[in-house]
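Protein chains in written order, with numbering that gives the first Met the number 0: chain X, 0 to 321; chain V, 0 to 530.
Be careful, since some hints might not be right.
Straight-line alpha carbon distances no greater than 27 Å define the calculated DSSO-like cross-link-like pairs of lysine-lysine that follow [what the hints assert, rightly or not]:
#1 215/V with 15/X
#2 96/V with 7/X
#3 65/V with 116/V
#4 8/X with 207/V
#5 8/X with 71/V
#6 215/V with 7/X
#7 489/V with 15/X
#8 8/X with 96/V
Calculated directly from the structure, the hints in this document are not laboratory data.
Keep in mind the model is a prediction, meaning the values are calculated, not measured.
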Amino acid sequence: MRAREWIKKTVSVVFKIILTVFLVITLNRIFLPKYVNENQDGRITQEYYRYAKDTDVIFAGSSTVHSGIDPRVLFDEQGISAYLRANASQTMWISYYMIEDAIRCHKPELVCIDMTFIKYGDDFVEEPSTRKALDGMRMSLSKINCIKASMGEDEKMADYIMPLFRFHSRWKELTLDDFRYAYYNKPVTVKGYLPDDEVESAEEGELVYTREGDTSISPKNIYYLRKAIELCEKNGIQVMLFKVPAHSSNWSRDYDEQISAIAAEYGVSYINFDDLNDDIGLDYSTDTPDGGSHLNANGAVKFSSYLGDCIKKDYKVSDRRR
Amino acid sequence: MSFITIDFALFVTAVLLVYYIFPKKTRWTVLLIASYIFYGITGITNLIYILVTTVSAFICAMLIGKQGTKQKEYLKEHKESLTKEEKKSYKAGIKKKQKLILAAGLLINFGILVYLKYADWTIAYINLFRLSRFGRTDFIPFRNFILPLGISFYTFQTMGYLIDIYYGKYEHERNPFKFALFVSFFPQIVQGPISRFGELAPELFAEKDFDFTRIKSGFYRIMWGLFKKLVIADRLAGYVSGTIAQRDTYRGPYILLAVFFYSMQIYGDFSGGIDVALGVAEMFGITLHENFERPFFSKSISEYWQRWHMTLGTWFKDYIFYPLSLNKGIIRLGKTVREHGMEKIGKRIPIYIPMFIVWFTTGMWHGSQNRYVVWGLFNFLFIVLGTELEPLSQKIVLKLRLDEGGVLMRSYRVIKTFWLMSFLRIFDISKDVPSAFNAFKLIFKDWGSFRIERVFDELSLPFEDFTVAVTAIVIMFVFDLIQRRGSVRKRIFRLPVPAQWAILSLLVIAVSVFGYYGPGYDAASFIYGAF
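Based on the provided sequences and hints, a complete structural model is requested.
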């Protein structure tokens with residue numbers, strides 16, 4: 000009799016716990032912005048897990064990557080299976096944890112880290128971008144550490160762990176999509192790539208870097224860049240440092256020098272593809288959606304084709320077409 | 000650490016775990032350490048203030064107690080040898096010493112409170128006086144003190160204890176650490192209730208078993224408090240402050256609505272906070288004194304004040320009103336007036352003079368600004384008028400053949416009291432006394448220009464929030480009505496488990512979803528700015 004009561008009580012407690020957990024998870028999923036019809040860059044992190052096991056090359060970086068590299072071209076031309084873990088305004092520390100999280104899921108053969116965003120300082124905080132990068136990340140120690148490294152002074156860890164606390168005020172604007180996509184993840188990116196068909200020509204003339212002021216890379220950026228390279232080294236993963244081509248003067252040769260020095264220290268290569276615009280065949284009157292800051296779909300095809308060649312030539316990466 | 004933060008929730012959870020792991024006998028030490036950690040987080044300097052209060056009150060109470068023991072022993076020893084006169088004289092000597100010790104304790108503690116709270120208020124008046132009288136413009140700079148968290152509450156509570164010891168109500172606490180816990184018990188230090196030692200000490204130091212029902216019950220109460228605070232009070236705050244600040248643009252019904260909403264806001268905020276405090280204490284097996292008893296159902300202002308912030312009201316009654324009513328000077332004054340043929344006035348003097356002082360002090364307690372004093376004095380005036388006009392009111396009721404106990408009269412009295420108290424709160428939301436009178440005047444203007452859409456579109460209360468606020472207010476009143484027939488939680492606990500679970504889930508969802516907290520979500524800000 001006593002045993003039966005005990006079992007009954009235990010079952011009841013377990014049932015209540017399961018129901019509570021389900022309710023909490025569901026509420027969090029409902030209220031999290033879905034990024035399906037707008038702000039689709041918010042889906043990049045989450046959709047990675049769908050392809051993780053078949054990914055050989057990870058690209059980490061910011062918006063220049065997710066708009067400038069087309070994984071379909073890499074696959075069609077070189078058989079490279081890549082995923083772009085690159086979100087808008089993604090800092091080096093987020094890139095580091097994106098790599099750490101990716102390795103946790105499946106060890107890639109090559110990690111390519113874009114340097115475009117390294118020019119921003121340690122105090123760079125942009126909550127919407129951090130949220131879009133992290134809300135889709137699965138819960139792990141990497142995520143916790145990434146939140147710690149990325150959140151601003153006014154933000155709270157609890158808001159990241161329980162997105163409901165951050166997004167509860169969306170109750171006014173919930174749509175059917177919020178319920179439909181609470182558990183169903185409709186892919187909206189092309190393995191992290193978000194093609195942009197817009198065209199807004201850049202100013203004509205030779206690209207000249209004009210970034211002024213302090214052009215030394217901040218300590219936090221350097222720390223996480225080194226950490227990323229060391230993590231890959233430790234796991235036997237090849238590393239490539241690069242800068243996605245753009246027609247933007249917001250850069251300095253000082254950055255190239257500092258990055259090259261770090262790259263040399265670890266024996267990895269660094270390529271600033273701005274220097275290879277002509278070889279790539281980029282035409283900034285047609286290949287950019289915003290006057291040269293990013294590449295559009297046209298530019299992405301050209302750059303991806305060139306990049307694929309470089310990777311195939313210099314790194315050992317499986318050909319998945321076979 | 001605010002009650003409505005995750006940090007507080009984690010803190011309480013951690014303290015609860017440690018509390019119930021510790022042996023029953025020593026559990027109060029966990030509360031003491033937790034209370035000091037909680038208070039220390041608000042600022043290390045704040046700890047100095049609370050320590051001064053604790054140490055000074057402990058020593059004073061001990062000295063008063065020792066004088067009492069000394070008297071007892073002396074009288075026992077010299078029982079036979081002393082004459083009645085000698086005994087009386089000895090007792091008077093002891094009482095005088097005790098009075099001196101009490102005065103020292105009160106002076107130190109109220110001195111700190113008054114200095115911190117009213118220094119700038121006094122300086123402003125000194126500067127004004129110097130300027131108007133002597134034309135001096137070398138103003139004394141303001142001190143800009145930041146009040147230590149809950150100083151008014153713990154000072155009142157501790158001084159109440161000291162006065163009780165003086166009157167011999169109970170023995171002084173001999174353990175300084177236990178006394179320190181009485182002063183600093185963390186759930187009640189932020190906004191009360193103001194407890195009495197005789198009630199709180201047995202609760203704090205009793206050895207209680209772990210009781211899951213109490214944890215559950217406390218949690219319900221916390222969630223209910225958060226519902227009132229986050230879903231109602233914080234949602235209405237923007238409309239209230241915005242309307243009062245722009246009262247020249249939004250007149251008439253806009254202000255009236257603000258006055259109504261402010262009553263809901265202050266009740267939701269204050270009673271919600273008290274619910275959290277009482278709920279947290281309940282989880283530790285400690286029952287604190289209730290501070291609200293459905294005040295909006297009061298039929299007179301006097302009754303209202305017996306049901307709103309009850310522990311402050313009884314504090315003023317016990318420690319200011321009664322001692323002043325029994326003050327020889329005031330009684331003598333009443334007698335003199337009566338002897339001069341003013342029987343009615345003379346009779347009222349021992350009541351109205353202490354009442355006037357109580358309301359003046361209550362006003363001052365609420366804030367160091369003139370508008371609070373005026374607010375307090377208006378309360379006094381309304382109570383006096385209510386009392387004095389009661390016979391007339393009774394006559395009218397009789398003449399109109401109305402049923403005093405009927406629904407109509409009861410509703411009339413409840414509504415009248417509610418609106419009188421709500422109008423008085425204009426002093427609370429206005430920046431000064433003239434602004435308050437101005438806001439009151441503007442209630443009667445521009446009634447024709449009212450458009451509800453302007454409330455939604457221009458005054459921080461969009462239609463959806465308005466709907467949620469009104470629905471939540473209705474729920475709060477329904478809850479209050481049900482509560483008249485006994486504890487709502489006890490009723491819930493009698494329901495089948497799934498129903499209990501559903502109610503709690505709904506409450507938690509209501510608070511977490513409809514609560515007015517956090518930075519809000521603006522989809523546009525999530526659109527990538529293309530760095």
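So, going through the hints one by one against the coordinates:
{"no.": "1", "hint": "215/V with 15/X", "in the structure": "holds (14 Å)"}
{"no.": "2", "hint": "96/V with 7/X", "in the structure": "violated (67 Å)"}
{"no.": "3", "hint": "65/V with 116/V", "in the structure": "violated (33 Å)"}
{"no.": "4", "hint": "8/X with 207/V", "in the structure": "holds (24 Å)"}
{"no.": "5", "hint": "8/X with 71/V", "in the structure": "violated (59 Å)"}
{"no.": "6", "hint": "215/V with 7/X", "in the structure": "holds (20 Å)"}
{"no.": "7", "hint": "489/V with 15/X", "in the structure": "holds (21 Å)"}
{"no.": "8", "hint": "8/X with 96/V", "in the structure": "violated (63 Å)"}
This entry does not satisfy hints 2, 3, 5, 8, going by the numbered hints stated previously.
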